[in-house]
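Make the full structure from the sequences, and use the hints.
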Amino acid sequence: MLSYHTAGDSHGPALLGILEGFPAHVPVREEEVNAMLARRQGGYGRSRRQSIERDRAEFVAGVWKGETTGAPVGILLRNRAAKNQKDVRARTVPRPGHADLAGAWKYGWEADFNPVIERSSARETAMRVAIGALCRQLLAELGIEVLGYVRQIGGVRAEVPELPLAGLRQRVEQSDFYCPDSQCEADMRAAVDRAREAGDSLGGIVEVVAEGVPPGFGGLSHPEHRLDAQIAQQLMSIPSAKAVEIGEGIAGAGLPGSRVHDAIRLREGKIVRATNRAGGMEGGISNGERIVVRVYHKPIPTLVRGMDSVDLATLEETRAPYIRSDVAVVPAASVVAEAVLSFALARAVLLKFGHDHLGDIREALKAYKSRLRGF
7 MLSYHTAGDS
17 HGPALLGILE
27 GFPAHVPVRE
37 EEVNAMLARR
47 QGGYGRSRRQ
57 SIERDRAEFV
67 AGVWKGETTG
77 APVGILLRNR
87 AAKNQKDVRA
97 RTVPRPGHAD
107 LAGAWKYGWE
117 ADFNPVIERS
127 SARETAMRVA
137 IGALCRQLLA
147 ELGIEVLGYV
157 RQIGGVRAEV
167 PELPLAGLRQ
177 RVEQSDFYCP
187 DSQCEADMRA
197 AVDRAREAGD
207 SLGGIVEVVA
217 EGVPPGFGGL
227 SHPEHRLDAQ
237 IAQQLMSIPS
247 AKAVEIGEGI
257 AGAGLPGSRV
267 HDAIRLREGK
277 IVRATNRAGG
287 MEGGISNGER
297 IVVRVYHKPI
307 PTLVRGMDSV
317 DLATLEETRA
327 PYIRSDVAVV
337 PAASVVAEAV
347 LSFALARAVL
357 LKFGHDHLGD
367 IREALKAYKS
377 RLRGF
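Just so you know, we're using my numbering here: the sequence shown kicks off at 7 and counts up by one.
Simulated from the structure, these hints should not be mistaken for laboratory data.
Treat the hints with caution; some may be incorrect.
Derived pair list, reagent style EDC-like, types lysine to aspartate or glutamate, alpha-carbon separation capped at 16 angstroms [said to hold, decoys possible]: (1) K304 - E254; (2) K71 - E36; (3) K358 - E369; (4) K92 - E124; (5) K304 - D206; (6) K71 - E37; (7) K358 - E251; (8) K372 - E147; (9) K92 - E73; (10) K89 - E124.
Quick look at the structure:
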């Protein structure tokens, strides 16, 4: 099964990643991986750290002359903002909304929870983006495209036009907010600026979609086989994610079934759906429609204005400290979501068709599609 491990701290020397179960002969386009890493560091509302780091993935294992070998893929991301641990002062005042307090209690770091801060930092998602970028390249070889974009920042919601993914991607890449609706950018910018001036932060909604996914990924026999459950678990692991919606799941909870489910019709011998409110998955299995998932992100909890807290060293009430952070992480989160969905779909592909050789996977996918009646 496709899996990965990451290691490294926010201000350590580097982040390490190992991707296991990845097939041989997948072309590795390093410039695309690095472009995705750069997108993660961009977007309006990011902190000054993003101007310090210039992430470039170093493939240190599992790649031979530009192709994967079938062995575990090793990836290294060096931290330019690395710090000497001896020079870092102890932190004993937890920030509400972070892992500080719960992590200090769990691992016994009440006297200095810097180890909790370092590992729980969203800096770790840089490695997940590198891993997901490689998975996205595998999917592209099989005709599957994935795209993440911003649907809402604060109270400003975008309207997403009905376009093929290529058209949406063009709009997203032209936007400072990674948003396909240029009409709302001025309002988003104003909202972020107001939050910055107030020493506050904003959350929002990311939408991530996949096109070209054939029916049959996932399973219905066991809970852990369900594709929607696998995707939701992966997306909920992104820092600041607080909810995941599949298709029109939230709106559908308040509607009658006749206005929720997608009618099945026949057009020129092909089965089509009148709508896609299910978000491309039914019964835990992909149904051939575009996969549509939304991730709801809380505002970044590190605030310039601070919040009430307690010093664990003295057990006295105080104000939480400010540590350099973003005002709005939502644009960057859209890139992370794109990477995470790419990993989840790549794993589903390899579970169904094997993971030894890209050519074998192509042939198996082609044969599978040819037997689907009405597809």
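Regarding the pair K89 and E124, is the alpha-carbon distance no greater than 16 angstroms?
holds, 11 angstroms
Check whether the Cα positions of K92 and E73 lie no farther apart than 16 angstroms.
violated, 41 angstroms
Checking one constraint from the list: CA of K304 to CA of D206, max 16 angstroms. Satisfied?
It holds: about 12 angstroms lies between the C-alpha atoms, which stays within 16 angstroms.
With a cut-off of 16 angstroms on the C-alpha distance, tell me whether K92 and E124 pass.
holds, 14 angstroms
16 angstroms limit on alpha-carbon distance, applied to hinted pair K304 and E254:
Violated, at roughly 20 angstroms.
Please verify whether K372 and E147 have alpha carbons no more than 16 angstroms apart.
holds, 12 angstroms
Under the criterion that the straight-line Cα-Cα distance not exceed 16 angstroms, is the pair K71, E36 satisfied?
holds, 12 angstroms
Assess, step by step, whether the Cα of K71 is no farther than 16 angstroms from the Cα of E37, and give holds or violated.
Holds, at about 15 angstroms.
Decide if the proposed pair is consistent with the structure: K358 and E251, CA atoms, cutoff 16 angstroms inclusive.
violated, 25 angstroms
Mind checking the alpha carbons of K358 and E369 for me, to see if they're no more than 16 angstroms apart?
Distance of about 12 angstroms is within 16 angstroms: holds.
In the structure shown, a violation is registered for the earlier hints numbered 1, 7, 9, in ascending order.
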